[in-house]
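Asks: Residue numbers (our numbering), protein chains in the order written: chain V, 1 to 367; chain Y, 368 to 1516.
Heads up, a few of these hints could be off.
Using 20 Å as the maximum straight-line C-alpha spacing, the simulated EDC-like pairs for lysine to aspartate or glutamate come out as follows [claimed, not checked]:
(1) V:27 - Y:1395
(2) Y:1048 - Y:868
(3) V:35 - Y:619
(4) Y:413 - Y:475
(5) Y:1108 - Y:1070
(6) Y:1396 - V:223
(7) Y:1409 - V:214
(8) Y:516 - Y:619
(9) V:156 - Y:1395
(10) Y:1396 - V:153
(11) V:35 - Y:1288
Hints are computed from structural coordinates only; laboratory data are not their basis.
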Amino acid sequence: MATSYNAKDEDGHITVSGPSGGTLRSKKPENTAFKQQRLPAWQPILTAGTVLPAFFIIGLIFIPIGIGLYVTSNNIKEFEIDYTGVDMSSPCFNCSQSFSWNSTRPCTCTIPFYLDQPYESNVFMYYGLSNFYQNHRRYVKSRDDNQLNGDPESLKGPSKECEPYAKHDNKPIAPCGAIANSMFNDTLELFYNDPNGTKIQIPLNKTGIAWWTDKHVKFRNPEGNNHNLTAVFQGTTKPVNWRRPVYELDDDPENNGFINEDFIVWMRTAALPTFRKLYRIIPRKSSMVPTLPSGNYTLEVVYNYPVRSFEGRKRMILSTISWMGGKNPFLGIAYMTVGSVCFFLGVVLLIIHHKYGNRNNSADISN
Amino acid sequence: MSKETADSDGLTWEVRANNRPYHKLKKFFLFFRWGHYADNVVRSYKYSPLTFLPLTLFEQFQRAANLYFLLMVVLQCVPAISSIPWYITIIPLLAVLTVRGIKDLVNDMARRRSDSEINSRPCDVLVSQSFTRAQWKDVRVGDVVRIHKDQTIPADLLLLCSSEPHSLCYVETADIDGETNLKYRQALGATHNELTTHPSEEALGSFDGVVLCEKPNNRLYTFRGQMHWRGECLHLDYEHMLLRGTILRNTDFAYGLAIYTGADTKILRNCGKLRVKMTQMEKVFNNVVIGIVLSVLLVALLLAIGSGVFSSQVMSQTGVLPTLVVNGNPAYTGFLVYWSYIILLSPAMPISLYISFELVHTVHSLFIGWDLEMYWQQADRPAQARNTSLNEELGQVGYLLSDKTGTLTQNRLLFRQCSIAGEIYGDASVKAEDVEPMNLSWNPFSRGDLFMSAPSLVERLRGQQCPLSRQFLSALALCHTVMAEWKEETPVYQAASPDEEALVGAARELGWVFLSRTRDFIVISELGVTRQYQLLALLDFTSKRRRMSVLVREPEGGLKLYCKGADIVILERLQSDSPHQESTEKALQLFAEACLRTLCVAVRSVPEASWEQWSKTLTQSAVMATCERDALLEKLYDEMEEDLQLLGVTAIEDRLQEGVPETIALLQEAGLKVWVLTGDKKETAVNIGYSCKLLDPDARLLEWQELKQILQSPDPLVSFFKARQTELWAVDKEMAGASEKTSVVLTGPELAEFDQRPEWGATFMSIADHCQSVLCCRVTPAQKADIVTLVRKHTNSVTLCIGDGANDVNMIKTAHIGVGLAGVEGGQAVQNADFAFSQFRFLQRLLLVHGRWSYRRISLFLRYFLFKTCGFALVHIWFGLFNGFSAQSLYETWFIALYTAFYTAAPVMCIAIFEQDVSAESSLKLPELYKHRQRQQRSTYVTLSLSLLYAVYASLILFFIPFGVFYDSALDYQTMAVTVSMAAMFAATFEVAQLTRYWTKFSLAALFVSFLLFFIFTRITHSNRLFEKAPNDYFFVGVSDKAFVDPVVWLTALLTSWTVILPSVTSHAICVILARLDNHKVHSTSPQPVELRSPFRRGASHRRSSYAVSQGAGPGRLITSATCIRNTTLPVDEKVTTSSKPTDVQDQA
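Using the sequences plus the hints, can you model the full thing?
Replies: Right, here's the structure in full:
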């Protein structure tokens, strides 16, 4: 229904330029489509004939998407094991009794489990925490991005936001703040119990788990090129709950200090109190052999992280991924639901249209 | 009378002539009476350079919204609670304050300019024995002022003397009461005699009278006072006053003593207070805003309590969180979180709403100014929206209250037709402009302003065939009170009544030229033959008699009585077997149908004997007491005006403004009640009411007596309907069903009774609601405003007042919307109006097109704005449930800052500016569409509440779908923030897209630009470079790189946004299916031609004959005493010697 007013406009311009050609400037408004509110416009005329199919089409688009997502999600293999040790029977029960962050002796527990399906391609190993409010505002704020970006001043004088984890014993804490202080410090190791009896440790990649921008832009060690981190962090102290200072997180200088990937992953706070974070990647060895063949495994945990103090849970998750990331049945179901609702609304509207619509329209016309 | 008794009389205003120090003294010594005498400066401006900043800030922070935002800024500056940085609110707040301040300043400057233009008008003030040219603002109380011809009077003056004999002077009061006829004012005899005998300046300079009078008041038609001068005490009344705003006419000079100046003057006292106008929509919206703010406070309180509870639970644990509880005190933490949540939820009521709202209003106002259809070529004047914040109210007007003179009528009276001896000349169905001018070149006095084509009449007149038509014209040329002034060899007529001027003018065109008059003689030229008639008696017009006559002796010696008057009065005084009576009545009928004002003209030959008898009685009556004399005179006049012979009928057209009847019909069809408020006489007003189709020819006029009975009856409405029914029963059985055929006609004094009986107001309004229209005549400006107040008080409707003169200023200010017609003169109404244009008919476009569009656009705008901001901000409530009630934001701070301003502003502005559901043409063709807009406030509340509910739903969806996706996933908080932002932005944009019905290129561009801006700005704020500059402000670095390529993020955002708009789409679809939208209806029926209301019925129409001279007595007394007949040949200087003797008056002929 786009209408053109070009002809009118031209007419108008002629009349405007005629009398106002003199010295006296006329106050006559300009005859432009904009000023006269006659802009050419497309006025879609919606009728039942255009509206009703829209609902069915949306429904018909959403439902297949939902099915596709759901199937994709279901094809992702995922194994989850809760090693919090709440039950007396749990191997980690003893370790979980310690509520302290800095128990002098590390506690170790071993959890056997069985994978009934082989895991192909790369397998991702996550740790999951529940009831941990990583999205609490005071917690989220409690960091100093300047310091983490390698700013030497902030290293020595952390931001106020880090309080009460800014200084300890009058020494600045590096890295400061509550997030860093509460860093996940369990060590998880995975062993494959070969049917012939041997216990093979599965190699876990501890790099490549953080975002590229985080590793290379957001987090930097002070004096980036200096590999002698001990010297760099001279004069600072480790976060209170840590067992080791930040410069001893790893032997690899590319994964030590602030750019330690475990640390970076932890610092990327979760959205909701139940979350998982990438811990390790189990690379696939070759296309012929599954990365994790089905069979018996053992998870060895160096149990440090006291989640029971806040009634939290800890989990280890093994998962393959697809184009849509990890397992996520919700999205598929949501798409199917919304699609069905649209479809249903379409049907309801169709009924309304047949029952009332026609009569009303004819009444209008007869008016 | 001594001064003491004067004081007790309430005459406490003391004015000493030529004594400036006295009036000044009071100002300084008694500080509590400071400004006792106002100076003559009009000050409508508010600011001075010093006071501007504090005043404007004070004014702006009186707006609750601004105060609220200031509070937000202050809160955000407190680090402990600031959940979003402080700069996010302060920048828009500063912008709002600046823009608003500049706007006020500009308006104030304009007021200053117009003030100074008025204040610097010239006038002559007497300073130490000589008149010096001064400006209006220099006039002080007690000054003697000289006014020149055609000058506007600068202050309320006491007329001391004038250049005219008897110190008479003429004023035009059109600006005060809307009457265009000239009024006479006469100075006191004492001042006239004393001050005109000597050289005027000296005499005036030594004048030392003391005037004691009432305090300044707003009563235009009364004045009480005394003048103490030379030991005498003289009474002063209204007749001696020259009011500010009136114009001196036909008088070379007048000298006056300033009594009231500036703000004390009667007209300014009548102006009413300037009030800030606010649209009903705005009021409702403000209440909704208050509601939102209160709910935000409540929700924040609940969340704060949650936070306290959560903190105390956490306290019992060990871990990181307990150490984060402030001071280890959960209650204190809760307290801080309360404020944090207030800040976090404040974007629900963003300040940008007010900026946008104002911007939209401004653009709508510009559209009004740009409208070519409302541009008046003749005056080169486009329409003007002076108040830019009332546009949507134009779409809801329920009552139109209009002035008459200059607004409905052009104030031009044209002689259009006449009927002589039963024969009709001229044709009123031809428009006045289209009348073929007759060849009147034979007549040296013709000025070519006769809009009647009747060659046959001219032929007859010149052919000396028809004695009746000759007599008819003699009557027109003789029977009047017009004065002739000679200018450039032609007589210029000065009439108290514009009707008379038209009649005498018409007679002149046709060859019967009134040349001059003295007390005893009238000289006319009949087809070039000058004849002198002796004027024996002038039987003056009164509103009761409704006729006037002159008794003249013809040059041949015969006595003739010429009479003209209202048809009913004349017809009952005719000879019993008067010829042509039937055909004349038919002509009367015809003229009435054409809405012409008619007068019957009759003649009688008076025998010498009866004249002698009669004049003897008349002389006797002169010595009688006033009241007895009046009764006797009445009787005497009655005796004389009998046995008349009908000559004919004149028909005068009171020119309406162009398109007035059509506009009124259209507006009535659009559901408006049209009332006319005028200072003019009842007869004229009713006549105009008929001619502009305001009154139906068969409508019943409900006048005061009847109305009073109805009002006094126990059940007014019932008796009203009963009265109406019985009446209609009698007229026409079938009409009983038809409603709205009654109109109320009231006059000012009758309206004054409402003051005593306030309980009548509501009843009157409910009766008026059932009437077609209401006409109020003889009302003062203040009364006009009172009527508006009455309507405002007793109905919820929006009132619109339209007027053109200073007398309309008060009502224009009082109404919800005031419209000023920019007339030929006087910009007072325009100055005070909210909208101004040149033609009454532009009103239909203003209301039906601009108003309707504005209303639709603004209601769409507000609804959508609430939805988008609340939906987006309330997400934090739900997020709070999952982050320990910690006031953590779910969005990046930059997104919050840019969301309303950049990501979602453009499309909604396009809706608010371009949206048209129906084209301008259809709006005018289908006035019923307007009715839908006059809904009550309640529905505005309902729609706004519904959109709030919708916003709550949106926030739930916006949070919980992403929640499902992100729950127990490896995706972090920042990715979720980007996802929800994206979903919110998409939802807002989709919603606006599905609201838009009028897709211009701009709307489309706005949509794309919004998307583009979102992606560009998000990428920018997430960029490495900005992060490196300020890591603590741009800590979202790299998030969008990952999120924008993540299919889960996209799928989530799309699903969420679609689910958000699903209800709105569905309800819209239901509307489409049920075809309830106006839009659909219009488009489906627009091919059918819409019939404008057919021309009004011509059934049993009533004759309308009237005579438009002042209520009360006419100026006949002045003529017969010859006080107002002046000598035009005498130079001014000699005039001081002119006395009242008629012999001094020279005969022009």
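Asks: With reference to the structure, classify each hint as holding or not holding.
Replies: The hints, checked one at a time:
1. V:27 - Y:1395: 55 Å, violated
2. Y:1048 - Y:868: Between residue 1048 of chain Y and residue 868 of chain Y the Cα gap is close to 17 Å, so the pair holds against 20 Å.
3. V:35 - Y:619: 49 Å, violated
4. Y:413 - Y:475: Satisfied, since the Cα-Cα distance of roughly 7 Å is no more than 20 Å.
5. Y:1108 - Y:1070: 14 Å, holds
6. Y:1396 - V:223: Roughly 17 Å between the alpha carbons, so the hint for residue 1396 of chain Y and residue 223 of chain V holds.
7. Y:1409 - V:214: Holds, at about 11 Å.
8. Y:516 - Y:619: 5 Å, holds
9. V:156 - Y:1395: 19 Å, holds
10. Y:1396 - V:153: The given pair, whose Cα atoms are some 15 Å apart, holds under the 20 Å limit.
11. V:35 - Y:1288: 16 Å, holds
Of the numbered hints given earlier, the model fails hints 1 and 3; all others are met.
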